[in-house]
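Chains A and B supply the protein sequences, listed in that same order. 1480 is the number of the first residue of the first sequence in our numbering; add one for each residue after it. 271 is the number of the first residue of the second sequence in our numbering; add one for each residue after it.
One or more of the hints may lead you astray.
Lysine-lysine pairs mimicking BS3-like chemistry, simulated, CA-CA at most 27 Å apart [unchecked claim]: (1) A/Lys-1680 to A/Lys-1578; (2) A/Lys-1720 to A/Lys-1624; (3) A/Lys-1624 to A/Lys-1610; (4) A/Lys-1680 to B/Lys-305; (5) B/Lys-419 to A/Lys-1762; (6) A/Lys-1610 to B/Lys-305; (7) B/Lys-340 to B/Lys-305; (8) A/Lys-1680 to B/Lys-340; (9) A/Lys-1624 to A/Lys-1578; (10) A/Lys-1610 to A/Lys-1720.
Simulated restraints on C-beta separations [unchecked claim]: (11) B/Ile-346 to A/Pro-1623: 19 to 27 Å; (12) A/Arg-1606 to B/Pro-515: 19 to 27 Å; (13) A/Phe-1637 to B/Gly-362: 57 to 65 Å; (14) B/Ser-425 to A/Ala-1667: 18 to 26 Å; (15) B/Pro-515 to A/Glu-1609: 54 to 62 Å.
Keep in mind the hints are simulated off the structure, nothing from the lab. All values derive from a computational prediction rather than experimental measurement. For each residue, glycine too, the CB sits at the ideal point set by N, CA and C.
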Amino acid sequence: MTTTKETQDDDAVGAGRDAPHAGTPAAGALKAPAARRRRDLRDHPEWVLVPGVFVLVVLAWEYLVPALGVDEYVLPRPTRIVDALGTQLTDALFWTHMKVTLLESVYGFAVGVAAALVLGTAISQIRLVEKTLMPYIVAFQTVPKVALAPLFVVWFGFGMTSKVVMAAVISFFPMLVNVVEGLRSADADRVQMLTVFGASKFDVFRRVRLPSALPFIFAGLDIGIVFAILGAVVGEFIGAKEGLGYLLLQTNYNFDIAGMFAVLVVLSVLGLIAHFIIRQARKRFAFWAEDNTVIGA
Amino acid sequence: MKSLGRRPGVAAAPDVDENHWIEIDGLHKIYRPRKSEPTHALSDIELNVRRGEFISVVGPSGCGKTTLLKILAGLIPKSEGTVRVAGRDVHGPLPEVGMVFQAATLLPWRTILQNVMVPVEVQRLDRSVYRERAAALLHMVGLDGFAEKYPDELSGGMQQRAGICRALVHDPAVLLMDEPFGALDAMTREYMNVELLRIWRESGKTVVLVTHSIPEAVFLSDRVVVLTPRPGRIAEVIDIDLERPRDLSVMASDRAGVHVERIRTHFNAHGVID
Ligand SMILES: Nc1ncnc2c1ncn2[C@@H]1O[C@H](COP(=O)(O)OP(=O)(O)O)[C@@H](O)[C@H]1O
Ligand SMILES: [Mg+2]
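Whole structure, please, built from the sequences with the hints as guidance.
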């Protein structure tokens, strides 16, 4: 609550924080644009290297695959995949599949995250809860969660519910670990500082522990959203009538490998967009933190 | 400059002996960690601090200076003895007490002004009233233009000054300071010493300052408490009879030199210089 309020006022400073980048073009405004561009590139070789590698790989793929005599049905050329992608994207049915998978992922993610927030808070703040639940959580964490998908389909049917459950379960754990670690990460000196000034336990929680946990929580969200998509697609593999996972299987049965690649491209783009949204939220709400607090699952 | 006057609505407990504003009697502290040997940190401390007095505590590293302040602040329990501040037994943090920490311990997600306002928020005081006071304090320590900045945009010295404003914002009667200037360069440190004297003179607060600088203790204090190595006992309490108001030039005087030497003798006797 406080956090939202506090961060609300940060707009100006948030912008100021990017000043080194934002400031570069402004500072170089007097110089020729070409010179400025050259300097930017010298500072960021990755701006050339990353797309360069992509172009190289795609070109090699495009021309090497036929040259080496690889069957076009097994490994279609990139141009074929783009064609297939075009066909898909102009098909209304495809968008239905995408919407289904998106909804399953987002619902599952929301449920998993909410559960992890509640349980993580309880575990980190209440000894007895931690002592009681931790053995179960550790035990359950070692279960390969995707292996539960057939069970969920039996229990919750071929519709969306089983996929939502799958997405929730699979995104829950990385989130939980990060919430617990994050809420424990608060600096003891800061806690003591607040205590001296008369803060209650709850004050300490919302003014120090929760903000300290934010970078961890965003790390959990980042992993969790990708896991949620994975969960939904795996659920669809097991038993579904719609969704991108279902479409992937269909293209597979039809030996439409280019179509499979097209779906894979769409899934990757979805994951990237989700990742990007969470990174932006992190920049906004955990602006003070270094970008490296990530705990995997 | 805006008035930094007394906080509205907070009266001292009625019948407090002004000479026993802080009262420490037979104080012992033994840390008993679960997984290691107990540590006798403080032994039989007896000290009375007048209202408005400036006391410094010096002593070798690990002799229990921080422990003493934390007990006064109500952060950790004592093992034995009496500890009273402003006529109240200390069992937990008291609103009459402000504390400045060795590291500034600002919250990086809050602006400097929001950091200074922390005591006001947690004590549920009227923010609109105290925001002005916070601004006046920031002005006093030369941080006018930095109220809306974030801590990592300030130097260590500036952060420490913000930490001092935070300790003063709720106008506590007692100010506890644990090596607050240890991280500052010599110039900033002298400047902060002079500022601290001014704040103290204008506000009439009772100050207990832990420092490892003997000249700093002499320059600032009415009395300097010298502790022995662990377990910390009071080796001597030295009256600093230098005229007030003081400026840095008093440190060149013979009397100041005598006090500095006297305190140093204690350290040399134990073979430890902190
Ligand atoms: N929480 C603690 N648990 C156990 N021992 C402690 C604790 N805090 C301090 N001590 C011990 O008590 C002694 C005094 O510590 P402290 O008050 O920090 O000394 P100073 O501030 O004078 O350097 C030291 O020997 C220290 O190791
Ligand atoms: Mg100390």
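Hints, verified against the model:
no.	hint	verdict
1	A/Lys-1680 to A/Lys-1578	violated, 44 Å
2	A/Lys-1720 to A/Lys-1624	holds, 22 Å
3	A/Lys-1624 to A/Lys-1610	holds, 23 Å
4	A/Lys-1680 to B/Lys-305	holds, 26 Å
5	B/Lys-419 to A/Lys-1762	holds, 17 Å
6	A/Lys-1610 to B/Lys-305	holds, 20 Å
7	B/Lys-340 to B/Lys-305	holds, 22 Å
8	A/Lys-1680 to B/Lys-340	holds, 18 Å
9	A/Lys-1624 to A/Lys-1578	holds, 24 Å
10	A/Lys-1610 to A/Lys-1720	violated, 43 Å
11	B/Ile-346 to A/Pro-1623: 19 to 27 Å	violated, 47 Å
12	A/Arg-1606 to B/Pro-515: 19 to 27 Å	violated, 53 Å
13	A/Phe-1637 to B/Gly-362: 57 to 65 Å	holds, 59 Å
14	B/Ser-425 to A/Ala-1667: 18 to 26 Å	holds, 24 Å
15	B/Pro-515 to A/Glu-1609: 54 to 62 Å	holds, 56 Å
This entry does not satisfy hints 1, 10, 11, 12, going by the numbered hints stated previously.
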